[in-house]
Every structure is written in structure tokens, then in C-alpha cells.
Amino acid sequence: MQRLFEQHRDAELARDYDGILETFVEDCFLETKPLGIRSEGREAVRRTYQEGYFSAFPDLAPDDVGSAFGDDVMVVWGTLEGSSGGEWMGVPPTGRRFSVPFANVTPFRDGLMEGETIYFDLATLCEQTGLPLDAVRAAAKARSVGSD
Amino acid sequence: MADPKRVVERHVEAFNARDADAAPWSEDADFVAPNASMQGREQVLGFLGVFWDAFPDGRLETSRLLAEGSVVAAEGRFTGTHTGVMRTPAGDVAATGRQVDFRWMSSYEVRGDELASEHLYFDQADLLGQLGLMPATSPED
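Note that the protein sequences, when read in sequence, are chains A and B.
Start counting the first sequence at 9; every next residue gets the next number (this note's numbering).
Start counting the second sequence at 152; every next residue gets the next number (this note's numbering).
These are calculated hints, taken from the structure and not from any lab test.
Just to be clear, a hint being listed does not mean it is correct.
[As the list claims (entries may be wrong)] Here chain A is said to cover these stretches of chain B; the calculated rule only asks that three of the stretch's residues, wherever they fall, bring their Cβ under 8 angstroms from a Cβ of chain A:
#1 175 to 189
#2 216 to 222
#3 226 to 234
#4 247 to 256
#5 268 to 274
[As the list claims (entries may be wrong)] The calculated lysine to any residue pairs, modelled on SDA-like cross-linking and capped at a C-alpha distance of 25 angstroms, are:
#6 149/A x 186/B
#7 156/B x 81/A
#8 156/B x 74/A
#9 156/B x 73/A
#10 149/A x 248/B
#11 149/A x 253/B
#12 156/B x 172/B
#13 156/B x 149/A
#14 156/B x 13/A
#15 149/A x 249/B
#16 156/B x 72/A
#17 149/A x 283/B
#18 149/A x 229/B
Beta carbons: idealized from backbone N, C-alpha and C, even for Gly.
Starting from the given sequences, assemble the full structure and let the hints guide the process.
Below you can see the structure in the form of C-alpha cells.
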């Protein structure tokens with residue numbers, strides 16, 4: 009599990025979307041808890057990586073500081089760092105940096121990652137970046153209503 | 152040495168029983184939560200007491216509990232009804248009567264049969280949205 013997760017992190021760092029998706033099962037999911045958004049399937053997950061994460065925060069980088077393993081699940085926690093460098097769900101960027109604690113729960117199936125559930129505090133991220141919390145939440149809600 | 156997972160379970164049981172005496176926090180425990188940082192058993196119990204007061208029927212449930220040496224990771228839910236005053240750094244929030252149900256994730260450091268630290272991850276806005284104190288994000292809300 010750890011080796012596959014490291015491969016996943018390396019692909020994220022390289023912004024290698026195909027490489028990221030290769031670490032997931034076909035019917036994978038990506039759940040961002042504070043946004044209430046869950047993307048299902050490789051193409052939806054690819055769009056979330058592109059539009060939800062790396063376009064909005066081009067230098068986004070997790071700093072993993074701890075991990076624990078179960079039979080078919082891995083949990084990682086640390087600090088998520090980056091800058092608001094692009095539109096995030098239609099909300100304009102501020103250019104400001106953030107550094108927020110995060111935790112990531114990753115179940116595994118058939119030797120691949122089944123998905124990721126990501127926990128962080130949106131209010132802290134918005135306070136640091138200057139992004140308007142209400143606008144981000146409203147945009148997330150609109151997206152989750154019509155989402156994948 | 153106690154089973155680290157069992158120490159976390161004792162914390163959850165003590166929380167649900169509102170039993171501060173049974174809570175396994177060490178005297179020098181530290182606890183980090185969104186927008187809050189507590190040092191020492193007394194402060195930790197004070198933070199948990201905010202939830203006891205605001206949600207008299209509040210309960211923690213764990214859906215995953217993983218141990219790696221002395222480190223434990225837990226994922227779970229908090230459910231409760233806001234029928235008491237919630238004390239916050241921004242002031243007291245009167246009871247709204249609303250039910251809340253939010254997921255959380257925590258990492259713990261266990262020392263002997265005590266909890267030395269907890270880092271709690273959850274979204275404050277999710278809780279405030281469910282209380283009607285800011286717009287909710289979930290489609291069903």
C-alpha cells in the first residue's frame with residue numbers, strides 16, 4: 009500500500025494525471041469532505057484533480073507527516089500547502105498562500121487505491137488565502153448538486 | 152503497555168458517557184483542532200466540555216481505527232442535537248435545536264495507557280452550516 013501511495017504522490021507532484029489515475033481502480037472516488045463533493049470514476053476524478061486542485065492551486069503540495077495502516081486502508085496526515093493561483097470553482101484567485109492540517113483516508117481494492125477521502129478545515133484555508141468562504145461553499149454546493 | 156487502540160476506545164467511551172474522570176488524557180496532553188489548540192488535560196477536557204454542554208446527547212462513533220506503534224488514526228462521526236449553549240471564541244451560541252451529523256478524522260499519540268495528543272480534522276463550516284449559522288453545502292440541506 010505504501011509503495012503504491014508513494015507512486016501516487018510522485019505522480020501528483022509531477023502533475024501526471026495519467027500516472028495518478030493508474031494508481032486508482034476504474035470505479036474510484038475522490039471525496040473532498042469540506043466541499044461536500046464526491047467525484048466517482050476515473051474521468052470525474054481526473055477533472056477534479058485538474059479543475060478542483062491543480063488549476064486553482066498550481067503549487068499544491070501535501071507534506072505527509074504520519075501514517076497508519078489497516079488490512080485494506082491507509083491513513084495519512086500532515087500539512088497541505090499551496091497558493092491560490094487560479095479560479096476555484098469560479099471564485100477568482102487571491103495569490104495568497106495557505107498551510108492547513110489535512111488527513112487523507114485511502115481504502116485499497118484489487119491492489120489499487122479505491123479512492124481518497126480528504127479532511128481539512130475550509131475556513132482556515134479561506135482565512136489564510138483571503139478566498140471568500142461563503143462564495144467557495146456556495147460554488148461547492150452548486151457543483152455537488154449537479155455532480156458526478 | 153496498553154493496546155493503543157483500546158486507549159482511544161476508552162476516550163470515545165468516556166466522551167459518550169460524559170465521564171471526565173474516565174477520560175485517558177495525560178496531564179501534559181496536547182490537542183489541536185481547527186482554530187483551537189489546547190495544552191494539558193484540563194484544557195482538553197474543557198474543549199470536549201464545549202461539545203458536552205452544546206450537545207447533551209452528542210456521541211462519537213468510530214468507523215475505522217488503525218494503529219501504527221504508539222500512533223492511532225481514527226475516522227468517525229459525531230452526531231448530536233444542539234440543545235445547549237455552545238461556547239465559542241466568537242461568543243456564545245444559543246441552542247438551535249438542530250441535529251448535526253459530521254465526519255471527522257483524528258490522529259492520536261498514545262503513551263502507556265494515556266493519550267498524549269490528538270490532532271482533530273473536521274470542517275468547522277460544515278458544523279456551522281448544519282446549525283443554520285451559515286449556508287449549508289450538502290445538497291440535501
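Three-residue Cβ test at 8 angstroms for the coverage of the stretch 216 to 222 of chain B by chain A: holds (count 4)
Quick one, are residue 156/B and residue 13/A close enough, alpha carbons at most 25 angstroms? With Cα atoms ~24 angstroms apart, residue 156/B and residue 13/A stay inside 25 angstroms; holds.
Can the stretch 268 to 274 of chain B be counted as covered by chain A under the rule of three residues or more with Cβ-Cβ separation shorter than 8 angstroms? It holds, with 4 qualifying residues against the three required.
Has the given pair, residue 149/A with residue 186/B, been kept, meaning a C-alpha gap of at most 25 angstroms? Holds, because 23 angstroms separates the two Cα atoms, which is no more than 25 angstroms.
Straight-line Cα separation of residue 156/B and residue 73/A no greater than 25 angstroms? holds (20 angstroms)
Counting residues of the stretch 175 to 189 of chain B with a beta carbon closer than 8 angstroms to any beta carbon of chain A, are there 3 or more? holds (count 3)
25 angstroms Cα cutoff - pair residue 149/A, residue 249/B: Status holds; Cα separation ~20 angstroms.
Does residue 253/B sit within 25 angstroms of residue 149/A, going by the straight-line distance between their CA atoms? Roughly 16 angstroms between the alpha carbons, so the hint for residue 149/A and residue 253/B holds.
Are 3 or more residues of the stretch 226 to 234 of chain B near chain A, judged by a Cβ distance of less than 8 angstroms? Result for this restraint: violated, n = 1.
Does the alpha-carbon distance linking residue 156/B and residue 149/A stay inside the 25 angstroms limit? violated (36 angstroms)
Between the alpha carbons of residue 149/A and residue 229/B, is the straight-line distance 25 angstroms or under? Within the cut-off at roughly 22 angstroms; holds.
Quickly compare the C-alpha distance for residue 149/A and residue 283/B to 25 angstroms and report which way the hint goes. holds (15 angstroms)
The structure fails to meet hints 3 and 13 from the earlier list, while all remaining hints are met.
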